[in-house]
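Novice: One letter stands for each residue in the lines below.
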Amino acid sequence: AQTVTQSQPEMSVQEAETVTLSCTYDTSESDYYLFWYKQPPSRQMILVIRQEAYKQQNATENRFSVNFQKAAKSFSLKISDSQLGDAAMYFCAYRTYYGNKLVFGAGTILRVKS
Amino acid sequence: EAQVTQNPRYLITVTGKKLTVTCSQNMNHEYMSWYRQDPGLGLRQIYYSMNVEVTDKGDVPEGYKVSRKEKRNFPLILESPSPNQTSLYFCASSYGTDTQYFGPGTRLTVL
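These protein sequence lines map, in sequence, to chains F and D.
Take the first sequence: its position 5, counted from the start at 1, is 5 in my numbering, and no numbers get skipped.
Take the second sequence: its position 14, counted from the start at 1, is 14 in my numbering, and no numbers get skipped.
Just so you know, these hints were derived from the structure itself, not from any lab.
Here a beta-carbon is modelled for each residue, glycine too, at the ideal position from N, C-alpha and C.
Careful: at least some of the hints might be erroneous.
Partial list, computed: chain D residues near chain F (C-beta under 10 Å) [said to hold, decoys possible]:
#1 Q37
#2 R44
#3 M50
#4 A92
#5 T99
Just chain D, same shape as in the assembly (with noise of 0.2 Å):
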């Protein structure tokens, strides 16, 4: 089944514990994405990967990082983690600049 996949799906830390989320895609995707949901305001895309070691800023890149080793995967790491990054995050994924295919999403809060 096609699909894009993270880990994990609820995480609750504490302020400067670093953590990575994972993102994986079983479609041969060249394009990934993190996004993050926050209330009125949508979702809103944090960075971006064309292909294997090329990322780029998205909107709101200021405390997180990515790394795309492999094709298949984009994790996100948080590496001090405060609270206003508590958030509703998602992967996604798409061929090209077509359609974008978005993970279950991750519940991260910060306390």
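The shape of chain F in the complex, shown without the other chains (with noise of 0.2 Å):
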């Protein structure tokens, strides 16, 4: 079974600057779709960005990037310009290519300091 995980219960980052959210799954498939949600106080899941494990470029959604290293099974979430609105709960996923059941990592909570 996939699992995820997100060894980083708690982060925090100055406004204005750069944070690292790490995530580590375990898969012996292929193909298959990691995600990054946000969680506000709100509590609504907010896809964050999306990438596809057959393509090697790194996705990108403005200030949010990702790295992905496939063989070392890493998907790692880069906020820069860290803004008070990206303070939330962050969560990692994994999606296999044909299924339809989203494994989550247990959560990072992110503190952004003003």
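Reconstruct the complex from the two isolated chains, following the hints.
Specialist: Quick look at the structure:
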């Protein structure tokens, strides 16, 4: 069974600085999707970024980018120019290419200091 | 507006009293899922559905039922709730196996 590990329960970053959240996963599949979701205090699950495993190029969405290392099974999220609105719980998630289940990590709480 | 809706958003109930949490999506998605979120465990899948009348168990199905009579609706039923089902519940939908979109969540407390 696939597993997703987020080893940082909490992280802090100063406003305008850069922070990297770590995620590792375990799978025997070669094709799959990886996601980062943001959960602010409102509890809504918001998609931040998506990566398809067969694409070698790292996904980017404005200030958010990933470092996808397929051989190492690592999928870290970099947030540049951090803003107060980035404060939230961040979940890393894995999905098999043909499956309907997201496997989530335990989450990382990100605090942004002004 | 494309969205997944859930009702109720908050519910406090007592052990053994049957309840239903509704989920509806307006994106014509085939896939729908239910997850529960517990501290330190992330989100875990309860049930999923690949289309009308097609449902299957996820990782933590015990104590839950679902039905998919219409494409847009996927209610979660707790026939005899227990305190260990106190949790935050999310419904999600997707087109095919692509990105899942989540509802706003339902906070359930079972006393």
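Novice: Which of the listed hints are broken here?
Specialist: Nothing - there is no hint that the structure violates, so all of them hold.
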